[in-house]
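> Protein chains in written order, with numbering that gives the first Met the number 0: chain A, 0 to 357; chain B, 0 to 357; chain C, 0 to 357.
Because identical chains share one entry, a pair is satisfied inside a single copy or across any pair of copies.
Below, simulated BS3-like cross-link-like pairs (lysine-lysine); rule was C-alpha separation at most 30 Å, straight line:
#: 1; residue 1: 340; residue 2: 270
#: 2; residue 1: 226; residue 2: 179
#: 3; residue 1: 340; residue 2: 325
Since the hints were derived computationally from the structure, they do not count as laboratory data.
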Amino acid sequence: MARALELHPDRLFPAEPATRAIARALYAEVAALPIVSPHGHTDPTWFADNANWTDATSLLLAPDHYLYRMLYSQGVDLDALAIPRLSGTPATDPRAAWKLFADHYTLFRGTPSRLWLDHVFADVFGIEVALEASTADRYFDIIGEKLASDAFRPRALFDRFGIEFLATTEGAHDDLAAHKRIRQSGWSGRVVTTYRPDGVIDVEHEAFKPAMARFAELTGEDVYDWKGYLAAHRKRRADFRAAGATATDHGHPTAATANLSGVEAEALFAKVTRGDWTPADAELFRAQMLTEMAAMSVEDGMVMQIHPGSSRNHNAGLFASHGRDKGADIPTRTDYVHALKPLLDRFGTSTRLSIILF
Amino acid sequence: MARALELHPDRLFPAEPATRAIARALYAEVAALPIVSPHGHTDPTWFADNANWTDATSLLLAPDHYLYRMLYSQGVDLDALAIPRLSGTPATDPRAAWKLFADHYTLFRGTPSRLWLDHVFADVFGIEVALEASTADRYFDIIGEKLASDAFRPRALFDRFGIEFLATTEGAHDDLAAHKRIRQSGWSGRVVTTYRPDGVIDVEHEAFKPAMARFAELTGEDVYDWKGYLAAHRKRRADFRAAGATATDHGHPTAATANLSGVEAEALFAKVTRGDWTPADAELFRAQMLTEMAAMSVEDGMVMQIHPGSSRNHNAGLFASHGRDKGADIPTRTDYVHALKPLLDRFGTSTRLSIILF
Amino acid sequence: MARALELHPDRLFPAEPATRAIARALYAEVAALPIVSPHGHTDPTWFADNANWTDATSLLLAPDHYLYRMLYSQGVDLDALAIPRLSGTPATDPRAAWKLFADHYTLFRGTPSRLWLDHVFADVFGIEVALEASTADRYFDIIGEKLASDAFRPRALFDRFGIEFLATTEGAHDDLAAHKRIRQSGWSGRVVTTYRPDGVIDVEHEAFKPAMARFAELTGEDVYDWKGYLAAHRKRRADFRAAGATATDHGHPTAATANLSGVEAEALFAKVTRGDWTPADAELFRAQMLTEMAAMSVEDGMVMQIHPGSSRNHNAGLFASHGRDKGADIPTRTDYVHALKPLLDRFGTSTRLSIILF
Chain A
0 MARALELHPD RLFPAEPATR AIARALYAEV AALPIVSPHG HTDPTWFADN ANWTDATSLL
60 LAPDHYLYRM LYSQGVDLDA LAIPRLSGTP ATDPRAAWKL FADHYTLFRG TPSRLWLDHV
120 FADVFGIEVA LEASTADRYF DIIGEKLASD AFRPRALFDR FGIEFLATTE GAHDDLAAHK
180 RIRQSGWSGR VVTTYRPDGV IDVEHEAFKP AMARFAELTG EDVYDWKGYL AAHRKRRADF
240 RAAGATATDH GHPTAATANL SGVEAEALFA KVTRGDWTPA DAELFRAQML TEMAAMSVED
300 GMVMQIHPGS SRNHNAGLFA SHGRDKGADI PTRTDYVHAL KPLLDRFGTS TRLSIILF
Chain B
0 MARALELHPD RLFPAEPATR AIARALYAEV AALPIVSPHG HTDPTWFADN ANWTDATSLL
60 LAPDHYLYRM LYSQGVDLDA LAIPRLSGTP ATDPRAAWKL FADHYTLFRG TPSRLWLDHV
120 FADVFGIEVA LEASTADRYF DIIGEKLASD AFRPRALFDR FGIEFLATTE GAHDDLAAHK
180 RIRQSGWSGR VVTTYRPDGV IDVEHEAFKP AMARFAELTG EDVYDWKGYL AAHRKRRADF
240 RAAGATATDH GHPTAATANL SGVEAEALFA KVTRGDWTPA DAELFRAQML TEMAAMSVED
300 GMVMQIHPGS SRNHNAGLFA SHGRDKGADI PTRTDYVHAL KPLLDRFGTS TRLSIILF
Chain C
0 MARALELHPD RLFPAEPATR AIARALYAEV AALPIVSPHG HTDPTWFADN ANWTDATSLL
60 LAPDHYLYRM LYSQGVDLDA LAIPRLSGTP ATDPRAAWKL FADHYTLFRG TPSRLWLDHV
120 FADVFGIEVA LEASTADRYF DIIGEKLASD AFRPRALFDR FGIEFLATTE GAHDDLAAHK
180 RIRQSGWSGR VVTTYRPDGV IDVEHEAFKP AMARFAELTG EDVYDWKGYL AAHRKRRADF
240 RAAGATATDH GHPTAATANL SGVEAEALFA KVTRGDWTPA DAELFRAQML TEMAAMSVED
300 GMVMQIHPGS SRNHNAGLFA SHGRDKGADI PTRTDYVHAL KPLLDRFGTS TRLSIILF
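Using the sequences and the hints, build the whole thing.
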């Protein structure tokens with residue numbers, strides 16, 4: 000007999016009755032508001048194609064590094080969880096991967112991951128028993144059936160969740176094809192892109208060169224010349240705005256900004272694109288580019304989002320076998336006060352510039 | 000109909016009943032005690048001249064950078080708030096500035112500034128309606144009338160507030176004229192000065208040179224010679240003690256201290272007073288001077304107050320137009336453990352030295 | 000009439016009733032479990048010899064730097080508290096030292112030290128009045144009498160406290176004689192050692208040279224040769240495992256690790272053992288040795304404990320007169336993310352390596 004899955008209506012609220020009552024009152028005021036999600040971490044092809052998702056593992060487990068990183072830390076094999084390698088996705092039965100996850104679900108007691116998943120299981124899928132070894136199959140079946148229905152296709156869920164605005168994030172070298180398909184489809188949902196140029200700014204990224212080549216192709220600019228490079232950014236920002244973008248997004252290792260003279264910036268750009276840069280050059284170039292992006296935001300009104308402070312790809316072995324964004328990022332201390340000063344010295348008092356730090 | 004201004008008697012206390020009862024009991028024991036304010040941030044001419052303040056804006060708004068910095072962050076013009084520029088105070092009607100502040104008072108919900116101001120409005124001025132656009136005139140009138148009365152002159156408020164001891168802060172190059180007038184007036188209130196020599200120690204301060212010239216004038220010492228410079232500090236410390244001072248105060252960017260030999264200290268002093276110093280020299284000189292001040296405190300018994308860790312004048316534009324202390328200081332992390340070791344290695348076990356860090 | 004010593008049954012639990020009830024329920028589940036103490040800070044000769052302790056001062060006060068460091072900070076003389084100097088233990092009457100401590104016991108209100116001591120006084124010694132000047136003699140008498148009884152000898156207390164496993168910590172140059180006596184005695188208590196090689200790794204330690212000499216003597220290896228030095232560590236790790244050790248312990252100033260090539264490591268070792276090292280060399284050698292220890296842990300299965308981040312011997316005068324571990328250590332910020340990466344790059348994915356950070 001499986002345990003019931005019950006969401007405590009006051010979960011995450013204070014235990015003390017007076018403050019709990021205030022929390023309930025505040026929550027009641029906002030609970031039914033539409034969702035405005037300016038940093039949505041979703042794939043625009045979902046809404047472009049509106050195809051059904053297939054199963055619990057490929058939707059909920061394989062893309063969520065918070066889940067499989069926890070399992071990995073306890074010795075669970077990533078291949079057995081169907082986590083894609085650089086060399087391809089392992090031929091693991093999705094149902095078997097889901098069962099393995101369910102076997103270890105107790106590991107997530109008290110974590111945000113479990114609070115979130117239990118909410119999804121109960122409120123989105125209507126499941127009434129807790130996830131554990133004995134219910135893994137039932138879960139896999141129920142979720143699979145629902146995902147095959149029209150009510151669980153991406154646009155239907157977008158409506159059901161009351162989403163008013165959703166921004167995805169695409170690189171400067173992305174052709175925005177999915178967003179074009181969304182607009183051409185006539186669907187009323189507001190899904191827009193966000194300009195995230197890290198791939199053509201971070202010379203330490205392993206895919207910097209192909210990203211630059213694509214950046215050149217998409218803009219027709221000489222992106223290996225400083226002026227052409229800046230012109231290419233302006234063109235793509237315009238492309239992104241045309242696809243609904245209202246913001247840019249910058250995931251640098253630190254919040255460092257710089258305020259080089261035009262001559263210095265051009266010389267630094269020449270050095271980093273030639274390839275004979277040091278890590279300090281790469282950092283200074285990223286820093287200077289935040290200030291250049293701020294200058295363009297003053298021109299075109301796009302909001303800047305800066306989210307620094309992650310030490311990425313900390314697990315060298317995992318990075319080699321599975322690549323980026325596999326749960327091996329660790330938050331680190333960020334100095335905003337000194338780091339942002341060069342940018343703020345130039346644009347900090349402009350009423351045309353909005354920066355969101357997170 | 001304006002909303003009532005009501006101060007919750009348990010504001011700032013815990014919500015949970017058992018701990019709230021303890022907080023009430025503790026507060027009841029101290030609420031009526033006299034105020035001993037060793038770091039009072041007040042102007043000694045208030046108590047020397049005992050003149051009436053004139054209006055709400057010039058007393059409560061224009062000098063309080065916590066207030067106008069918040070308004071500035073939301074795009075309110077500082078001139079319209081009557082905030083003094085380096086070039087002079089703008090010719091703004093104080094009543095209009097107060098109304099502008101009242102229009103934006105909702106911005107301060109939940110801030111210490113509002114908790115404090117509402118206390119001042121209710122308890123000091125006896126106002127019974129909340130500050131908002133519709134009550135701004137009424138506030139300006141009531142506060143202006145009260146400030147014109149004898150009961151609201153500085154010495155009367157000093158007595159009403161139950162102040163037993165109040166220390167102001169003056170620079171090493173201040174003639175202490177106001178404090179002399181206080182003592183000569185025969186008034187019984189105990190208002191003393193504090194020796195804050197930053198102006199003649201921080202060579203990065205824009206007014207270092209005129210401060211040094213005045214320091215020489217007031218002491219008759221050759222302050223451009225290391226021994227004369229130290230002798231001048233000793234003389235002024237004696238002057239300050241004669242004016243009631245019991246403490247010194249040091250607002251350095253960091254808590255760094257140094258323990259140079261006499262020869263090294265003299266050479267560093269020569270370098271920084273000649274003007275060919277680097278930022279590192281300026282920092283090392285401030286560090287060495289904290290240790291020299293500690294040495295003098297061991298001699299004369301003055302308590303040292305060190306309050307480092309503010310990144311000052313962060314807004315370059317505001318610094319250029321309005322100068323220092325205009326709300327553009329940001330707290331930063333301070334390393335006390337390593338920074339204070341050189342000073343403590345020399346004087347840390349002396350029972351004659353008291354240091355207050357904050 | 001002395002005040003009663005009463006331990007609140009809910010001390011350290013939340014005040015709010017709902018969470019307090021949960022805390023009580025959780026505590027009730029674990030309160031009677033046996034103690035497994037992997038980092039026990041006890042002296043193995045206690046259990047080897049099972050001799051009676053003599054008095055309150057030498058057992059509870061003189062070895063506890065949390066206590067006398069607080070008293071010292073308030074001007075109490077360490078000699079009067081019978082705290083050992085490097086030159087020998089002062090000829091202070093233990094009862095007089097205890098009285099002095101009792102006179103100042105109010106200083107400890109609200110500290111973990113007092114929570115702990117009151118528990119010891121009430122639950123271990125059965126004392127029913129609070130410690131204060133008027134009860135100091137009574138305390139000294141009661142504690143002395145109990146300590147003289149069989150029920151208060153080390154092994155009896157070990158049993159009474161329900162200790163299932165206790166690990167002490169010994170240096171790489173320790174002969175483990177006490178642990179041998181424990182095993183040879185036939186006593187059933189499980190007290191094991193832990194391999195703490197800091198003394199032969201930290202070239203900045205004032206006793207590095209004699210520790211190395213003893214390390215050579217105990218192992219028969221040429222410890223001044225890199226290969227011999229590593230072989231000596233392997234031998235001593237085996238010795239420690241034979242004495243029950245399951246873990247190593249490393250108390251470095253930082254968590255820095257390094258991943259030098261064999262040639263680089265050998266050259267660094269030659270430099271630091273020759274004696275012409277800089278502080279940076281000493282730090283790099285400690286860093287490299289953490290990685291070498293991890294390599295050996297992968298071989299022999301010993302758990303690594305790393306507890307960095309203490310700025311030790313901060314009080315130069317106290318270090319000169321009284322030596323190490325006299326309450327002059329200050330916790331500092333530790334960067335684990337970057338510091339551990341070199342070690343983890345080599346061994347982080349090995350399932351044979353367990354590291355405990357604290």
